[in-house]
Each structure stands twice: as C-alpha cells, then as structure tokens.
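Protein chains: 2
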Amino acid sequence: MANAIDRLIHEFTKLPGVGEKTALRFAFHLLKEEPKRAHDLAQAVIDLKERMRLCSECFGLAEHETCAICKDARRDPTTICVVEDPSDLMAVEKTHVFRGLYHVLHGAISPLDGIGPDELRIKELLQRLSLRQVSEVVLATNVNIEGEATSLYLTRLIKPLDIKLTRLASGLPVGGDLEYIDATTLTRAFEDRHIL
Amino acid sequence: MANAIDRLIHEFTKLPGVGEKTALRFAFHLLKEEPKRAHDLAQAVIDLKERMRLCSECFGLAEHETCAICKDARRDPTTICVVEDPSDLMAVEKTHVFRGLYHVLHGAISPLDGIGPDELRIKELLQRLSLRQVSEVVLATNVNIEGEATSLYLTRLIKPLDIKLTRLASGLPVGGDLEYIDATTLTRAFEDRHIL
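Sequence lines, in order, name chains U and R.
1 is the number of the first residue of the first sequence in the working numbering; add one for each residue after it.
1 is the number of the first residue of the second sequence in the working numbering; add one for each residue after it.
To be clear, the hints were calculated from the coordinates, so they are not data collected in a lab.
A couple of the hints might just be wrong.
In silico contact screen, one side only, chain U against chain R (beta carbon under 10 Å); selected entries [as the list claims (entries may be wrong)]:
| hint | residue |
| --- | --- |
| 1 | L24 |
| 2 | L41 |
| 3 | S87 |
Think about it this way: if two alpha-carbon atoms lie no more than 25 Å apart in a straight line, the pair counts; the simulated PhoX-like pairs of lysine-lysine are [what the hints assert, rightly or not]:
| hint | chain 1 | residue 1 | chain 2 | residue 2 |
| --- | --- | --- | --- | --- |
| 4 | R | K32 | U | K123 |
| 5 | R | K36 | U | K36 |
| 6 | U | K123 | U | K164 |
| 7 | R | K21 | U | K94 |
| 8 | R | K14 | U | K21 |
| 9 | R | K49 | R | K94 |
| 10 | U | K21 | R | K21 |
| 11 | R | K94 | U | K32 |
| 12 | U | K159 | U | K123 |
Even for Gly, the Cβ is constructed at its ideal location relative to N, Cα and C.
Here chain U stands alone, though its shape is the one from the complex:
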C-alpha cells in the first residue's frame, strides 16, 4: 500500500486506545482536510516537545522557567495542593475550586515498579515548605494503593512541620447510584460520613 499513509497509520496506532481502524479514520480525515490543518497538527506535536518543560517551582508543565499558575499573583501562595501528575493538576484546575499553588510529584510511591520516594519530587516539596510561608498542604494523590501510600508517607514527613495537612474527601461520586458503587468506596463513605 501507499507508503506515507501506512507510516502515519503506524504512528497513530502508538497513541493510547488507537487501533488500526481509528488510525485509518484519522489519516483519511487529514487527507481530506486542507494542508494547513495537517501542518498545524504536526507543529503542535513538535511544539509540545520543544516548548514544554517543568516549572522550577511546582514541577507542573510550563513554557517558561516558572509556570503560569506559580507566576499568577492572584493565587494564594500559602496553600499547596500536592498531585501525582500534570494531568491531575489540570483536572483540579478545571473545577476552579482551588486557588492556591500546586506541587507535582511526577508519580506515586510504588515499590513493585521500583518507584520509591527518591524518584518523586518529594525533596523539592519539603524544600518549598521550609523556604515559603505555607499554611496548608492538600494531599490530592489518587485514591489507590500507590496514591494512599504516597499520601501516608507525606503525612509522616509534613505533620511534624506544624502545617495544616488535609486529604481530599473520598466517598460516593456525585450522581453515583449506591447499588453500583464498589464496596470499598461505600465503606469509605460510611466511615467518613458527616453530621448534618
């Protein structure tokens, strides 16, 4: 078959969740579009790798030395939300509920995968806490074994620093139907129930 299209299909199938049929659809879609569209996509892919780096302060994604959030004077620098990945940061940002700064660990403690505390940006977090005036740290790691282990590890380290330490609530998702919720989540929702 025609070579350029096969190569593109091959590249597309490396994206997560993209099989050959989807890759084919993408390729034919681009083929029908005007050349500018394909060029824009290619440029955006290249820009991503060339321009994006980690913010020297929070280790979130940045196009400059520090990211837009750390630079934003309207954000509250005394509250730091600790997340595992940049995608988690983006998820929290979308809610507009948090107006403080972030700290991205770039992973979670997972001995089975050979990821210990030293592989994460924990040292840098402690450094921030010692240098800056921080009044609250919100632990927003994932609610799975690795995320909970990381949260526990950080609790031990931060608790003695006399900084308010919080963890995101865990329980029933909004719109969640009790009969479809897994037992662990339901148990957690019971344990963390609050008085009305």
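Following the hints, complete the assembly by docking chain R onto the known chain U.
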C-alpha cells in the same frame, strides 16, 4: 494553562471521534515519550499531505504518478473494481480476494449534497474502459442510497459497452445473527438466496 499543550489538545480534538479527554490522553502520552516519537508522528502527518497524490490511472492514493497497484505487473488489468473512496480500496485490498485493478470515484452520487456524476471520476472510468482491454467491472460502491444510485447510474453507462458487469453480493454478514440483522438486509438476503 500551559499553551503548547492546549494547542495540541485543540488540534487533536479536530480528529473524528476525539473529544477533549482523549486529546488530553494523547497529549500526555506524547509528553512522556521520547522526543523522537513526537517528531516521527509530526513528520508522518506532514509527509501524508506532501507526498500523497492521486494515481493518474485509478485515482487511488499514490506517492508517484501511478500507484503501486496500477504499476504491479502481477495484477490482472482486465478486471476493474469500482469503489467510492480510497479507504474502500484499502478494505478490499485487505481481503486479498481481488487481484485486478481499481477505480476510485471519490464519492457517490448524492443530489442532496450537490454531488452529481460530474463531481465523480466517472468520465475517467469510461475513458479507461474505452482505451484498455477490460473484461469485467465489479461495482463495489457502498450499500446505501448514494452507493446504490451510483451503481445504477454506472450500470446504465457500462452495460451497453459489452463488458461483464458485476455488483458485490449483499446479504447477511458472516457471524451475523438473524435476529439482530435489520429487515432490509434480511430481505436482500432472501431475494439473493442461491441454490445449493
């Protein structure tokens, strides 16, 4: 938010069936990969638009003046399979059942969309039939209103030329369960039933 990643997400969401969440997944996947991977993808996208053109003979996709299939001496030049789009050609090629040449119409007759016979490569097909020694034309347009209309239109034009004219069989898909097949397909399967 970080700009380069937003732009890439925006470009990805223009692909068919890609929403913001999928685009985000693609972007973060590329971000984690080594730069070469992103570069390969970008290059493949650009190559597609710069290198691909239409074969001057069959109007399938080609990287040169004529496509790999038309150039292949092992293919039977006396049989021509007429398809609507390059993607249909690829679907037939995958079966390895057809060893002749193709003719890509680039669409189907659809008066509602303003697509008449003149917008398709029908003139070029008739020219091929008059210049080359063709013994059979297989109509492999889609089995929908536009495809059937196109097939009917071509039948009227080609029938008088004294060339064997065939249409792909229509009926139950292999693995199809009778109770889940739509009534039109089932009717067609009945009408086209063959003696054993």
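- Can the hint on U/S87 be confirmed by a CB-to-CB distance to chain R that is less than 10 Å? holds, 5 Å
- Straight-line alpha-carbon gap R/K94 to U/K32, limit 25 Å: holds, 22 Å
- Query: Holds or violated: are the alpha carbons of R/K49 and R/K94 at most 25 Å from each other?
  - Reply: holds, 23 Å
- Does U/K123 lie within 25 Å of R/K32 when you go C-alpha to C-alpha? Answer holds: R/K32 to U/K123 is near 22 Å, not above 25 Å.
- Task: With a cut-off of 25 Å on the C-alpha distance, tell me whether R/K36 and U/K36 pass.
- Result: Distance ~23 Å between R/K36 and U/K36 Cα, so the pair holds.
- Message: Would the hint linking U/K21 and R/K21 be met if the CA-CA limit is 25 Å?
- Response: holds, 20 Å
- Is the straight-line distance between the alpha-carbon of R/K14 and that of U/K21 25 Å or less? holds, 17 Å
- Message: Against the 25 Å threshold, does the CA-CA distance of U/K123 and U/K164 hold or violate the hint?
- Response: Distance of about 19 Å is within 25 Å: holds.
- Message: Less than 10 Å between beta-carbons is the criterion; does U/L41 satisfy it with respect to chain R?
- Response: holds, 4 Å
- Taking only the CA atoms, is the gap from R/K21 to U/K94 under or equal to 25 Å? The hint holds at about 12 Å.
- Message: For a C-alpha distance cap of 25 Å, please report whether U/K159 and U/K123 respect it.
- Response: OK: U/K159 and U/K123 at ~15 Å, within 25 Å.
- Message: Take the shortest C-beta to C-beta distance between U/L24 and chain R; is it under 10 Å?
- Response: holds, 6 Å
Of the numbered hints given earlier, the model fails none.
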